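For this one, chain B is given, so just place chain V on it according to the hints.
Number of protein chains: 2
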Amino acid sequence: MVQPGRTPLHVQLADIIRSQIESGVFNAGDQLPTEMELMKQHELSSSTVRQAVLALVGEGLLYRRAGKGTFVAKRPIGRDLLTFSGFSEEAVARGFRPGTKHVTVEWRSADAVVAAALNVPTDESVLTIERLRTIDDEVVAVEAVSFVAAIGLLMEKLDLADTSCTEILERQLGVALARARQEITAGVARAKLVKALDVSSGAAVLQIDRTAFDATDQVIYFSSSSYRADRYIYTGWIERKSASIAQPRQLIGGSR
Amino acid sequence: MVQPGRTPLHVQLADIIRSQIESGVFNAGDQLPTEMELMKQHELSSSTVRQAVLALVGEGLLYRRAGKGTFVAKRPIGRDLLTFSGFSEEAVARGFRPGTKHVTVEWRSADAVVAAALNVPTDESVLTIERLRTIDDEVVAVEAVSFVAAIGLLMEKLDLADTSCTEILERQLGVALARARQEITAGVARAKLVKALDVSSGAAVLQIDRTAFDATDQVIYFSSSSYRADRYIYTGWIERKSASIAQPRQLIGGSR
Numbered sequence: 001m002v003q004p005g006r007t008p009l010h011v012q013l014a015d016i017i018r019s020q021i022e023s024g025v026f027n028a029g030d031q032l033p034t035e036m037e038l039m040k041q042h043e044l045s046s047s048t049v050r051q052a053v054l055a056l057v058g059e060g061l062l063y064r065r066a067g068k069g070t071f072v073a074k075r076p077i078g079r080d081l082l083t084f085s086g087f088s089e090e091a092v093a094r095g096f097r098p099g100t101k102h103v104t105v106e107w108r109s110a111d112a113v114v115a116a117a118l119n120v121p122t123d124e125s126v127l128t129i130e131r132l133r134t135i136d137d138e139v140v141a142v143e144a145v146s147f148v149a150a151i152g153l154l155m156e157k158l159d160l161a162d163t164s165c166t167e168i169l170e171r172q173l174g175v176a177l178a179r180a181r182q183e184i185t186a187g188v189a190r191a192k193l194v195k196a197l198d199v200s201s202g203a204a205v206l207q208i209d210r211t212a213f214d215a216t217d218q219v220i221y222f223s224s225s226s227y228r229a230d231r232y233i234y235t236g237w238i239e240r241k242s243a244s245i246a247q248p249r250q251l252i253g254g255s256r
Numbered sequence: 001m002v003q004p005g006r007t008p009l010h011v012q013l014a015d016i017i018r019s020q021i022e023s024g025v026f027n028a029g030d031q032l033p034t035e036m037e038l039m040k041q042h043e044l045s046s047s048t049v050r051q052a053v054l055a056l057v058g059e060g061l062l063y064r065r066a067g068k069g070t071f072v073a074k075r076p077i078g079r080d081l082l083t084f085s086g087f088s089e090e091a092v093a094r095g096f097r098p099g100t101k102h103v104t105v106e107w108r109s110a111d112a113v114v115a116a117a118l119n120v121p122t123d124e125s126v127l128t129i130e131r132l133r134t135i136d137d138e139v140v141a142v143e144a145v146s147f148v149a150a151i152g153l154l155m156e157k158l159d160l161a162d163t164s165c166t167e168i169l170e171r172q173l174g175v176a177l178a179r180a181r182q183e184i185t186a187g188v189a190r191a192k193l194v195k196a197l198d199v200s201s202g203a204a205v206l207q208i209d210r211t212a213f214d215a216t217d218q219v220i221y222f223s224s225s226s227y228r229a230d231r232y233i234y235t236g237w238i239e240r241k242s243a244s245i246a247q248p249r250q251l252i253g254g255s256r
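For the record, the sequence lines run as chains B and V. The working numbering puts the first residue of the first sequence at 1, with every later residue one more than the last. The working numbering puts the first residue of the second sequence at 1, with every later residue one more than the last.
Next up, chain B with everything else stripped away, as it sits in the complex (with noise of 0.2 Å):
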């Protein structure tokens, strides 16, 4: 219930209305009630209930249709960017449905930057699993993932169908993922990418690289994803460091 106090009502109706869509009382495609609905409903004035849904239009959780009315938008796929986690056991995390399409498992002659990432000569077999990746069975990502040959020789044996690979690497085949290089680009979808994930050419894709190391610093695997750029995004909290050199002085609200 929107009450009185310290934070704004149009910030407490904006909850009310995110907690709704995150809770699924609203799911994406739905209408949300008119203005006057949520008016009468939350017993607030017009422009409090404008300001509510104007601020989660701009947060991408609704958008208008001029004529028609506000709707509930496909939720982004978020991403933590600090966290070294796997594509499906994030997306169970955040109340998406996970799943794998088209794998593809060979080995495959590494090139120069699978070599470099897996610190093998080029040329080196590795073994190569490609996977389109989804979300609520919409293709989200397309992802290669290639493994040094001692961790190939163990996947290849096993059924890399609908699995994580990050599940079965850590409960199948005991190895203790510690960190990962992560790199995130931007790029463009063409030709295969395209098709893969049902884009428009040209359409902006995350590209993500990821090299991946066990608690003994051993390279496990490289991976290269593509992902619709529409759908996903990356967030994360980062820190000041150099916070020293500031000399903190009230500012906002301060006596000066």
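To be clear, the hints were calculated from the coordinates, so they are not data collected in a lab. Fair warning: this is a prediction, and the values are worked out from it, not measured in the lab. It is possible that part of the hints are untrue.
If chains are identical, the list can't say which one is meant, so a pair holds when it fits in one copy or spans any two.
Here are the simulated lysine to aspartate or glutamate pairs, EDC-like style, with alpha carbons at most 16 Å apart [to be verified]:
| no. | residue 1 | residue 2 |
| --- | --- | --- |
| 1 | LYS241 | GLU90 |
| 2 | LYS68 | GLU35 |
| 3 | LYS241 | GLU89 |
| 4 | LYS101 | ASP136 |
| 5 | LYS241 | GLU167 |
Showing chain V alone in chain B's frame:
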């Protein structure tokens, strides 16, 4: 000098060439010595030299032109995924020369995104600084930073032409920047961005939104930046949190 030992010779040679590039012995566009010259110089076999060069090509530090040789690539400008640092200070720390062009400073009505980030009503007046950011005189990013009114009133009195906002906030205004929420996604350049970044229409751009807070959790600014994806890459180490679910077992080089 390359010496026999635990580290493979090609890795040692790659490390030497990498540090020669980093220290400026070789600059962007310079031709690398030929394979033969590198063999003589380091007393190594052709396959070792080739492997080292290919690894650096894979890393993007070198590129090859058929029939012409191997050249030093423009260094991609790395940014740390995990640290809250300003554009200028991070560029300087990485050995680049940052700069600023075409600064506009004005009070604007906060749109829904800015209002939500700064936690102010939509249409509230916020000071917005738009800048083109350069590295070694090349425009690499377009940035708009909006400040809450209390900070904006102080900022607008200062010379914002060629100074880092982070530095102004911390050193001149005594704001203790503490943490920021960062969102990274991909986009494509159109119209205004094409002109500002001097890229083709449809070129990939990295979109970075950042909401910065001080030590008392007051929001200080919201910035929205578009980086040339061909020049910028976000990198960082991520740690595995759930390592406890693994049953560690030495796998590679173990007695299994």
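Results of checking the hints against the structure:
no.: 1; hint: LYS241 <-> GLU90; verdict: between (27 Å within a copy, 12 Å between copies)
no.: 2; hint: LYS68 <-> GLU35; verdict: within (12 Å within a copy, 67 Å between copies)
no.: 3; hint: LYS241 <-> GLU89; verdict: between (30 Å within a copy, 12 Å between copies)
no.: 4; hint: LYS101 <-> ASP136; verdict: within (12 Å within a copy, 45 Å between copies)
no.: 5; hint: LYS241 <-> GLU167; verdict: between (34 Å within a copy, 14 Å between copies)
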